Amino acid sequence: MDSVAAALPMGAGRSPLVLASTSIVGLLLVILFYFVQKRKRPRKAIVPPDGIFDLELLGLFNGKTGPIFMGVCGKVVNVSSSENIKVGEGYGRLWAGKDATYALAVLSLKPEDANKLDFTLKQFTDEQRTALAGWYKHFTARYPVVGRLREYDGWDFSDIEKEAEKQRPFGLKEESAEAKPEPSSEEPVMLRAGDKVKLQGLEDENLNGKVGVLRSLVASTGKFAIELDGDDGTVQVKPSNILKV
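Everything in the sequence shown is counted per the UniProt record's numbering, starting at 1 for the first residue and increasing by one.
What the hints contain is simulated information worked out from the structure, not anything from laboratory work. Just so it is clear, the structure is predicted and the values come from calculations on it, not from any experiment. Mixed in with the good hints, there may be bad ones.
[Said to hold, decoys possible] Label-pair restraints from in silico Cβ distances: (1) Asp156 <-> Pro111: 24 to 34 Å; (2) Gln123 <-> Asp204: 18 to 28 Å; (3) Ser23 <-> Val146: 23 to 33 Å; (4) Leu121 <-> Ile52: 38 to 48 Å; (5) Gln123 <-> Glu161: 15 to 25 Å.
Ideal placement from N, C-alpha and C gives every residue a C-beta, glycine not left out.
Make a model of the complete structure from these sequences and hints.
Take a look at the structure:
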């Protein structure tokens with residue numbers, strides 16, 4: 001009897017149910033391993049064929065893992081050729097691989113205002129909408145539009161686009177060849193209309209150190225209009241030439 005049992009092939013005594021269960025468990029483990037490994041693999045900075053980005057994918061186009069893209073009013077633009085948006089510095093530190101819609105509308109240079117989505121266009125003032133239209137015209141006219149952001153599906157930017165038609169493109173630092181270097185010791189700060197600011201780094205030494213109130217972003221020039229204290233009038237300066245006080 002023992003010799004007969006020994007002659008039986010291995011597994012001959014197992015029921016079909018046990019064998020099926022073992023096979024299913026093995027298959028599930030293989031599938032689980034596949035998905036775990038897939039999640040570990042970082043997404044590549046590849047422009048999707050349909051041109052539809054989400055914020056996670058846009059984040060890969062930061063100049064390190066891909067070219068420099070940024071979002072504005074639901075559009076994704078390739079700003080790699082911009083001399084003003086460099087990896088890890090200035091505007092590049094703020095907006096490379098990010099959506100800048102809210103930040104551009106409210107004149108914010110604060111990092112947390114990039115990729116901000118908890119807002120509506122209705123909450124912006126007329127001045128802010130005009131400023132946003134100016135930036136929209138600047139980026140979409142000067143740089144290639146490579147896609148759109150899924151997070152803005154359902155948003156209506158038609159009024160911004162119509163206002164942008166009246167604008168002409170402007171640069172962040174059009175006089176870059178003659179401009180003073182942006183102070184590296186200062187971290188980006190929130191700038192809004194009504195803020196008290198001090199002028200710095202200007203060619204006109206008589207203006208350096210003067211204090212005034214930020215009134216608006218002049219869309220046609222990309223500069224801030226500053227009303228100086230003491231009836232000294234109003235001047236237009238670049239973002240790098242003002243310090244919040």
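(request) May I ask you to test the hint 18 to 28 Å on the CB atoms belonging to Gln123 and Asp204? (result) violated, 37 Å
(message) Given a hint of 15 to 25 Å, does the C-beta separation of Gln123 and Glu161 actually sit inside it?
(response) holds, 19 Å
(request) May I ask you to test the hint 23 to 33 Å on the CB atoms belonging to Ser23 and Val146? (result) Taking Cβ atoms as reference, Ser23 and Val146 lie about 47 Å apart, which means the hint is violated.
(message) Range first: 38 to 48 Å. Now tell me if the beta carbons of Leu121 and Ile52 are that far apart.
(response) violated, 21 Å
(message) Verify the CB-CB distance for Asp156 and Pro111 against the hinted window 24 to 34 Å.
(response) Holds, at about 28 Å.
The structure shown violates the earlier hints numbered 2, 3, 4.
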